[in-house]
Amino acid sequence: MRRFIVRRLIQMVLVMFAVSVLVFLIFNVIPNGDPAVRMAGRQPTETQIEAIRKEWGFDENIVVQYTTTMKKVFTGDLKSYFTQLPVDEEIKKGLPRTLSLAIGAAILWMVVAICFGLYSAVQAGRFADRFLTIIALIGISLPVFWIGALLNHYLGFKLGWFPNGGYVEFTKDPVDWFYHLILPWTTLAILFIGFYSRVLRSNVLDTINEDYVRTARAKGLSERRVMVRHVLRTSMIPIVTLWGLDFGAVVAGGAVLTETVFDLQGVGQYAAEAIGQLDVPPVLATTMFAAFFIVVVNAIVDILYAYLDPRIRPQ
Amino acid sequence: MTQHRSGPEQARPLANVETTQAEAGGASTDGSAPLVEVEHLKVFFPIKSGLFFDREVARVHAVNDVTLSIAEGETMGLVGESGCGKTTISRAIMRLVDSTEGAIRFRGQDVTHAGRRRMEPLRREMQMVFQDPFASLNPRKRVGQIIGLPLRLHGSERKEIEPQVRELLARVGLHKEHVNRFPHEFSGGQRQRIGVARALALEPRLIVLDEPVSALDVSVQAQIINLLDDLQDDFKLTYLFVAHDLSVVRHVSDRIAVMYLGKLMEVSPAEELYTKPIHPYTSALLSAIPIPDPEENRRRERMVVSGEPPNPINPPSGCVFHTRCPRATDVCRTVEPPLARYPNGHLAACHHPMNVSPEEVKATEKDRTSPLSAGDELPAASGANGSGLGDGH
Amino acid sequence: MATDPLADQAALQGREAWEQEAERERAHGVGPWRLALRRLRRNKVALAFGLLFVLLVACCVAAPLWADRVAHTGPNENHLSDTIRVGGETKNVVGLDGIPIGPTWRGEFFLGADSNGRDIMVRLLYGGRNSLLVGISAALITTILSIVLGLIAGYSHGASDAAVSSLLDILWSFPVVILGVALGVALALDGVDIGPFSVSEDSLLIPIFVIAIAYVPYMARPLRGQVLSLREREFVEAARAQGAGPLRIMFTEVLPSLTSTILVFSTLLIANAVLLEAALSFLGAGIRPPNPSWGTMIDDGVDRISTAPHLAIVPGAMLVLTVLSLNVLGDGVRDALDPRANVRLEH
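Residue numbers (our numbering), protein chains in the order written: chain V, 33 to 347; chain W, 2 to 394; chain B, 4 to 350.
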């Protein structure tokens, strides 16, 4: 087991290296044109371009460029030429907001998805199941940014049931913090509820027909006991891993759209605004960190999975 | 699969082979060279593990120095428990698996490491029937396409293939009109017939049958075996019939080889194996065959082995069967018995052979097919002829 | 009792036809596709939504027709200072307060105008063209790439598998939106110029390519897994024993067993690709203005949602309908290809 962990961690580091190379390629090598001009943003002056070129090493060979870029990203020496603000500061500011959004939404979608999925499976073929399936299908068809905007407008602005976007620090006012996050959490969760409830339903239906479940029933265990202890446990394993992966994906970037719509000023929105301005340094940094975050979460999920499921633990 | 060493063992003059054939009393009529032979064949599968890169940490000794030859027109039965290596030998001969040491020869040609190109013309001559009737046919293809594939691979025109396929279907006892059906529309026995038809398509010389009836109901088994028997005469086929059940091979085989943990225990002319099993393992296998008459079943004396087959990664020292053999003694634990030649081309590797007279024991010689690791210690006259068990039915 | 000879004959023909069909099937065999098609035909809901999708596509393809014949305007034409007659009154297309006119339910400005005075219906249809074109093309490219990569990685041992799997793992580490955004931004500035390929920054090929790459791991990995297990099946061994080479086996033995997965995945892939295109265009990293796309329209609409909600609602609803119909159809296809006895959305 220990060997597996070490191996997985080494793999993680290798992937992170590969990711950094890929990000570097995406931003500095593949596109056409002068990277210095690209970095400089809109309407740069000649001196600005020249300064950037020196700073990033664009007049040197590719390896130097790569190391310079990496150094800048990781030592916080990155500045947006558009806003003139240091990138790492902005990211640090936005991180707790993004995490609030992601964690809350993740818990919400998990709980609701389990309920829906389980109920749907138990009622398989009947009206409740079909109804929930349709709901789920609609859920995965809704664009997050659209439904978020509509919810915000109608429930927040028009009806006043919820605040009209914005974020309140948890440390300032926990209740208000919660209140402001309800709509964003719901918006983000809708998509995942749709997806996860169906996956869970399918897994439960697979396990429910297995022999060992039949044995449990024959032993005389109550239906609820059978469900929770045997069926749910096994069905959950792949769900948990998916959940871990999606959580990483949400924090790392999926929240971009929700944050923008609700004006939460998290890391995602920071990236979105930079995109809109074609401001490269923030996008570069956030992409790098997003991918790193996911790689780390993936590794953790893999290790947890191996720990939980003795079958796939390599000897 | 990582080491390909061809050693000096390869260069055996063909003359020896012919002598063995004549002695074995096989079905070979004109004493010609064997159709297929393996010589001191070893197939080891590496077990890899490691931090960065997979390194080989152990090996599965699937086939551990086996020498066999099959003459043209003969049926060789190859029997043993699961894990004994019989399936691996069949795959090795068909070149579906790489061998680690030793030689494989087809019609005298060395094909031990033959690649796909070299094997191409030979594929016409050797075909295989697989064990699982449900998995060995592509569920998405029609039966006609399945049977026709070998023909198409070897250059036949589509126009020629269709009538040939129908003919083959009829030959194996199916309806010609079913050529466009899918495998799932047939029963297990019928699907096995399709497998046989597929093997016959190129009119091969050798058909390797890997437990062709193990997955079928007993009543169907008999039908398929009879079919194979008939086809052998009509098509002049040579069979390598791999099975785990001694009763199945009895009626089709000319000679039978018994394997255990990668090594040959006994090789004998078919009928003699059942009336005069020399190796205790054979005796045990025969005892395991149920006899329909309960009275007789109760009456007979049975040789019972204890325990489970050991791990092929770490085979036991000395005689590989010693851990389960009721007749094992000290010498069995330390010295590997060579394959000794008994009258009538009967070979057995045991320090305490059964059903042989002391004279026969004294007259034994080490057979040339004996594993190289076995050495020369032949059974002592006194140790032979223990409890004469093993009269199978 | 009087019998109707025509009805009898029809009934007889019915039965005869049925018997002929049964006979043909007995001889010809009922393949897995035939069975699946039958099951699909019974699933009315899936069929209905499938039809809906086809209709939506047809409408979008007919965009120029609508623009010329009915609305008499193009998707990018501003009518800021124009007026039109609605219900007897003359109204400004875009009011003095900047609020554009709502749906008129007439030929011109059927669904109203946007803040630049452009006809929403026309833009909707043209935008649909763009969004669907990008979505379907991207899905197609992803499918082809995934099949090739999945086959190579799954069937060959060792180096090729390791290489492809590592590549897929690395791509997989990027959340789809982020990767799309990164590529979109990077390529949007000046286009791409690699070797013989030269693509301008305006080209639709960029979002197509970006979305296609982003989704490759999502399809290639499951395909690879399937190929890995298929490789061990006896019928593949049988083909090898008959002398078939690896390429032949990959395409004639393994690939047919993959087709149902491919079919289901590609349907869902189109849905996701269209959604991703909308998301990217919404952020500004996809289809670039002034070209219409459902994403850019929603972007415009969200900005003005308090004053003219129809600007956001209309393209969003279109998007939802399209994606929903694809999802329902995909669900139906999956059920048809791999039914479980007690689980079906059947009617």
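Derived from the structure by calculation, the hints contain no laboratory data.
Certain hints may be false.
Derived, one-sided and incomplete: chain B residues facing chain V with beta-carbon distance under 10 angstroms [as the list claims (entries may be wrong)]:
| no. | residue |
| --- | --- |
| 1 | 60 |
| 2 | 83 |
| 3 | 87 |
| 4 | 161 |
| 5 | 162 |
| 6 | 173 |
| 7 | 179 |
| 8 | 312 |
| 9 | 334 |
No residue lacks a Cβ here, since even glycine has one placed at the ideal position from N, Cα and C.
For each hint, the structure was consulted:
no. : hint : in the structure
1   : 60   : violated, 16 angstroms
2   : 83   : violated, 24 angstroms
3   : 87   : violated, 27 angstroms
4   : 161  : violated, 17 angstroms
5   : 162  : violated, 16 angstroms
6   : 173  : holds, 5 angstroms
7   : 179  : holds, 8 angstroms
8   : 312  : holds, 7 angstroms
9   : 334  : holds, 7 angstroms
Checked against the numbered hints above, the structure violates hints 1, 2, 3, 4, 5; every other hint is satisfied.
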